[in-house]
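Use the sequences and the hints to build the structure in full.
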Amino acid sequence: MSTKDDNILQELAVEEYKYGFTTDIEMDIAKKGLSEDTVRFISAKKGEPEWLLEWRLKALKHFEKMVMPKWQNFKHPKVDFQDISYYAAPKEKPKVNSMDEVDPELLETFAKLGIPLDEQKVLAGVVAVDAVFDSVSVKTTFRDKLKEYGVIFCSFGEAVKEHPDLVKQYLGTVVPQTDNIYAALNAAVFSDGSFVYIPKGVSCPMELSTYFRINAENTGQFERTLIIADEGSYVSYLEGCTAPMRDENQLHAAVVELIALDHAEIKYSTVQNWYPGDKEGNGGIYNFVTKRGICKGDHSKISWTQVETGSSITWKYPSVILKGDYSVGEFYSVALTRNHQIADTGSKMFHIGKNTRSKIVSKGISAGVSQNSYRGLVQIGKGAEKARNFTQCDSLLIGDRCGAHTFPYIESKNKNAHLEHEATTSKIGEDQLFYLTQRGIDPEKAVGLIVNGYAKEVLNQLPMEFAVEAQKLLAISLEGSVG
Amino acid sequence: MLSIKNLQASVDDKQILKGLNLEVKAGEVHAIMGPNGSGKSTLASVLAGREAYEVDGGEVLLEGKDLLELSPEDRAREGLFLAFQYPVEIPGVSNINFLKTAVNEIRAYKGLPPMEAKEFLKRVKEKQQLVEFDAKLANRSLNEGFSGGEKKRNEIFQLAMLEPKLSILDETDSGLDIDALRIVANGVNQLRSKENAFIVITHYQRLLEYIVPDYVHVLYKGRIVKSGTKELALELEEKGYDWLKENIDAEETV
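Residue numbers (the working numbering), protein chains in the order written: chain G, 1 to 483; chain C, 1 to 254.
Keep in mind that the hints were calculated from the coordinates and are not lab data. A hint or two may mislead.
[Claimed, not checked] Okay, derived cross-link-like pairs now, DSS-like style, lysine-lysine, Cα gap no bigger than 25 Å in a straight line:
hint: 1; chain 1: C; residue 1: K118; chain 2: G; residue 2: K445
hint: 2; chain 1: C; residue 1: K165; chain 2: C; residue 2: K122
hint: 3; chain 1: G; residue 1: K45; chain 2: G; residue 2: K31
hint: 4; chain 1: C; residue 1: K5; chain 2: C; residue 2: K18
hint: 5; chain 1: G; residue 1: K472; chain 2: C; residue 2: K125
hint: 6; chain 1: C; residue 1: K136; chain 2: C; residue 2: K122
hint: 7; chain 1: G; residue 1: K323; chain 2: G; residue 2: K415
hint: 8; chain 1: G; residue 1: K445; chain 2: C; residue 2: K100
hint: 9; chain 1: G; residue 1: K45; chain 2: G; residue 2: K32
hint: 10; chain 1: G; residue 1: K91; chain 2: G; residue 2: K32
hint: 11; chain 1: C; residue 1: K151; chain 2: G; residue 2: K445
hint: 12; chain 1: C; residue 1: K5; chain 2: G; residue 2: K456
hint: 13; chain 1: G; residue 1: K427; chain 2: G; residue 2: K456
hint: 14; chain 1: G; residue 1: K200; chain 2: G; residue 2: K168
hint: 15; chain 1: G; residue 1: K445; chain 2: C; residue 2: K165
hint: 16; chain 1: C; residue 1: K110; chain 2: G; residue 2: K445
hint: 17; chain 1: G; residue 1: K413; chain 2: G; residue 2: K354
hint: 18; chain 1: G; residue 1: K354; chain 2: G; residue 2: K415
hint: 19; chain 1: G; residue 1: K78; chain 2: G; residue 2: K32
hint: 20; chain 1: G; residue 1: K427; chain 2: G; residue 2: K415
hint: 21; chain 1: G; residue 1: K427; chain 2: C; residue 2: K151
hint: 22; chain 1: G; residue 1: K279; chain 2: G; residue 2: K32
hint: 23; chain 1: G; residue 1: K386; chain 2: G; residue 2: K359
hint: 24; chain 1: G; residue 1: K145; chain 2: G; residue 2: K161
hint: 25; chain 1: C; residue 1: K110; chain 2: C; residue 2: K125
hint: 26; chain 1: C; residue 1: K151; chain 2: G; residue 2: K456
hint: 27; chain 1: C; residue 1: K100; chain 2: G; residue 2: K456
hint: 28; chain 1: G; residue 1: K354; chain 2: G; residue 2: K323
hint: 29; chain 1: G; residue 1: K91; chain 2: G; residue 2: K31
hint: 30; chain 1: C; residue 1: K194; chain 2: C; residue 2: K221
[Said to hold, decoys possible] Short, incomplete list of chain C residues facing chain G, as computed with Cβ under 10 Å:
hint: 31; residue: G27
hint: 32; residue: R50
hint: 33; residue: D74
hint: 34; residue: I96
hint: 35; residue: F98
Just so you know, even glycine gets a beta-carbon here, dropped at the ideal spot from N, CA and C.
Here it is in structure tokens:
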């Protein structure tokens with residue numbers, strides 16, 4: 001490849017992170033360090049019942065016994081768990097008008113991020129938002145409207161208080177405390193997150209979303225999301241995330257649990273744009289997340305869609321346990337890495353029920369000196385008669401200093417299962433770029449077109465407004481990759 | 001419209017064009033023929049600004065503007081179009097979206113607002129008919145899974161859409177059967193006008209039966225060694241290139 005295009009492709013990284021600002025607000029921050037006291041402190045801050053405190057303390061014991069895994073395709077960075085503050089919340093100002101009064105500083109922060117928290121300013125029926133700032137949920141919009149349909153959408157903390165039975169029934173049933181070291185850590189110190197319950201037969205009238213914002217220094221964000229779709233219900237849920245630019249790495253270790261009962265469907269979309277670190281690889285978020293759903297009922301469906309452009313390291317495998325007969329699991333992913341970013345991501349599909357189907361479509365895009373791995377597991381149990389899986393993992397390379405890797409695993413205990421696997425690796429070449437520029441198209445726009453074309457199958461899965469956002473995000477993230 | 005003076009260019013330190021001169025006026029069609037390796041495709045690539053090609057000397061003016069100073073996209077925006085010998089496939093990018101982007105980028109360069117959707121679609125419909133391009137193909141991903149003939153027709157469709165001043169057809173006839181050749185040539189003939197010009201690069205006289213050139217040039221060892229009218233193409237068809245080669249090679253020995 002010629003020098004100019006080389007420059008074009010290798011500089012694929014210069015665009016500054018747009019959400020790197022910090023909010024100056026008085027914070028209530030826990031002392032650094034992790035111990036039983038830390039857990040008790042968080043639980044007390046949240047006014048939790050005894051059973052939840054016990055649950056947390058049990059998780060902490062597990063965590064202390066666990067060791068860091070070594071199978072991942074990157075060197076696990078040293079994380080000093082005693083050097084992190086596990087709770088950071090904006091200090092509450094005296095309430096003025098209503099319970100809903102939110103600090104204007106926070107409203108402004110979310111407005112700057114493009115997340116309107118003022119329902120009056122949102123066109124009716126668009127999206128309901130739960131805004132999480134560091135360790136706490138600051139506002140959940142459209143709750144009253146959703147209530148009319150019996151839909152519960154609130155912060156995790158509120159759910160513990162107002163719907164303890166539901167929380168107790170499902171918490172930790174999909175991702176057990178012992179699942180992995182970060183799941184154990186999260187179970188011990190999780191501070192907030194979103195809770196959703198869709199009652200029987202209800203199709204949620206609007207998109208639900210949670211916006212996660214890390215602001216405070218030297219803290220980690222450990223949120224927990226629990227979504228329960230009762231029989232015959234439907235919900236589409238989206239999460240977005242950003243963080244300020246800092247030289248230190250910050251840990252984000254979340255747990256998401258989804259439960260779909262008979263004939264229920266959950267569509268979960270993520271547009272992840274945590275701060276990725278600078279061009280030299282300093283700073284950025286460690287995004288170590290456990291996401292899993294269970295298709296508990298027959299004919300239920302869980303679909304994960306993720307667009308991952310941020311974080312210095314992204315390490316997660318949104319998975320589906322296909323327990324109900326005829327249940328369906330889907331995973332659509334675009335993971336873009338540039339500069340020194342690392343992604344080790346993919347999906348796991350556990351086929352237990354009969355006639356279960358799953359589909360995995362993974363599109364990796366690597367630029368700069370980044371490393372992008374797809375890792376996936378398709379497991380077919382003995383009783384999973386006529387289970388089917390289709391897996392497609394594609395890699396797109398931009399420049400010649402980045403890496404793309406695939407680690408697909410298949411374990412089948414049933415001879416009737418039908419499994420298909422396709423994989424491709426391609427490179428944005430001088431030829432494609434030259435072809436588009438010869439038609440008068442700016443080289444950066446050309447790369448944006450090529451990448452969006454490549455990711456189209458996944459972007460098509462996103463709700464309309466978010467698909468447009470994600471398209472822009474992909475194009476912007478790649479700005480400067482073409483000189 | 002186009003003025004090439006003493007153009008010298010190389011690829012990987014090997015000089016391919018060794019002092020090429022060519023004048024193309026508006027309304028003209030020039031054919032460039034020559035044996036393999038004579039530098040025909042290099043000329044097309046150098047004019048369009050492909051990076052691997054190094055210009056060592058000479059001058060190229062497009063309507064008085066120094067073409068060699070411009071980036072590939074600006075050359076395109078100034079009205080230079082290259083119909084590729086091997087059109088590239090771009091999966092997931094719809095033909096129409098791509099064209100809309102191209103049309104509007106060119107308009108923006110000229111200080112014009114983006115084309116209205118209605119007007120754009122009207123133009124698409126009109127040009128599709130003009131170059132007999134299947135509407136289904138227009139909505140598919142750019143060249144993805146197209147046959148060789150469909151790709152070449154898409155090049156002509158794009159040419160029609162972008163309305164360039166100077167079009168270079170780089171072996172557009174290669175790999176086409178006689179029907180596809182006729183359609184492609186017919187499209188080009190429809191697009192010929194007093195305002196634009198064409199450089200047709202080809203191996204074979206066959207294409208020139210359909211696209212009748214005003215001038216024919218023979219390129220050999222990086223230079224135009226003979227120029228004439230359309231009759232020269234017939235002569236070449238009959239006698240091959242050897243008689244010309246002999247003359248040149250003899251001169252070189254002296």
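Structure-inconsistent hints, enumerated in ascending order: 5, 12, 20, 22, 30, 31 and 34
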